[in-house]
Amino acid sequence: MATKKIYLFCEAGMSTSIMVNKMMEVVKKHNMPLTIEAFPAIHAEEKVEQEKPVAILLGPQVRHLDSKMKATFEPMGIPVGTIATEAYGMMDGERALKDALSLIKKAKAK
1 MATKKIYLFC EAGMSTSIMV NKMMEVVKKH NMPLTIEAFP AIHAEEKVEQ
51 EKPVAILLGP QVRHLDSKMK ATFEPMGIPV GTIATEAYGM MDGERALKDA
101 LSLIKKAKAK
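Here the sequence shown stands for residues 1 to 110, numbered as in UniProt numbering.
Take these hints with a grain of salt, some might be off.
Stated by the list, open to error - Straight-line Cα separation of at most 20 Å, SDA-like style, residue types lysine to any residue; simulated pairs:
| no. | residue 1 | residue 2 |
| --- | --- | --- |
| 1 | K98 | E37 |
| 2 | K108 | E46 |
| 3 | K5 | H64 |
What the hints assert, rightly or not - Label-pair ranges, simulated between beta-carbon atoms:
| no. | residue 1 | residue 2 | range |
| --- | --- | --- | --- |
| 4 | N21 | A109 | 23 to 31 Å |
| 5 | H64 | K29 | 28 to 36 Å |
| 6 | E46 | M90 | 29 to 37 Å |
| 7 | L101 | E51 | 17 to 25 Å |
Hint data in this document are derived by calculation from the structure and do not stem from the laboratory.
Each residue gets a CB set at the ideal place from its N, CA and C atoms; glycine is no exception.
Construct the entire structure; sequences and hints are all you get.
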């Protein structure tokens, strides 16, 4: 099975890279065919153009970009969501991953 990608976008990528590590711990524990990467939001279009992810998550610090990102990427079939502030603050990779998978499942059901 091919590895799918989830992209996290944030302001600069510092704390989001910690979240990526926490989420990847869960991915590896459950042997899921996923790769999660973080990038500054300013590079979103460029990164998605290079390789289309199965979902995009925004860090809470860039939640103001939610409607712009949805307008840009959801017509391409890429669901967009924002990581819950509590999950982000606690660096709860499992919750963030569950939310991402739920987002993907809802998008496929449409």
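Indices of hints not satisfied (ascending)
Structure breaks hints 2 and 3.
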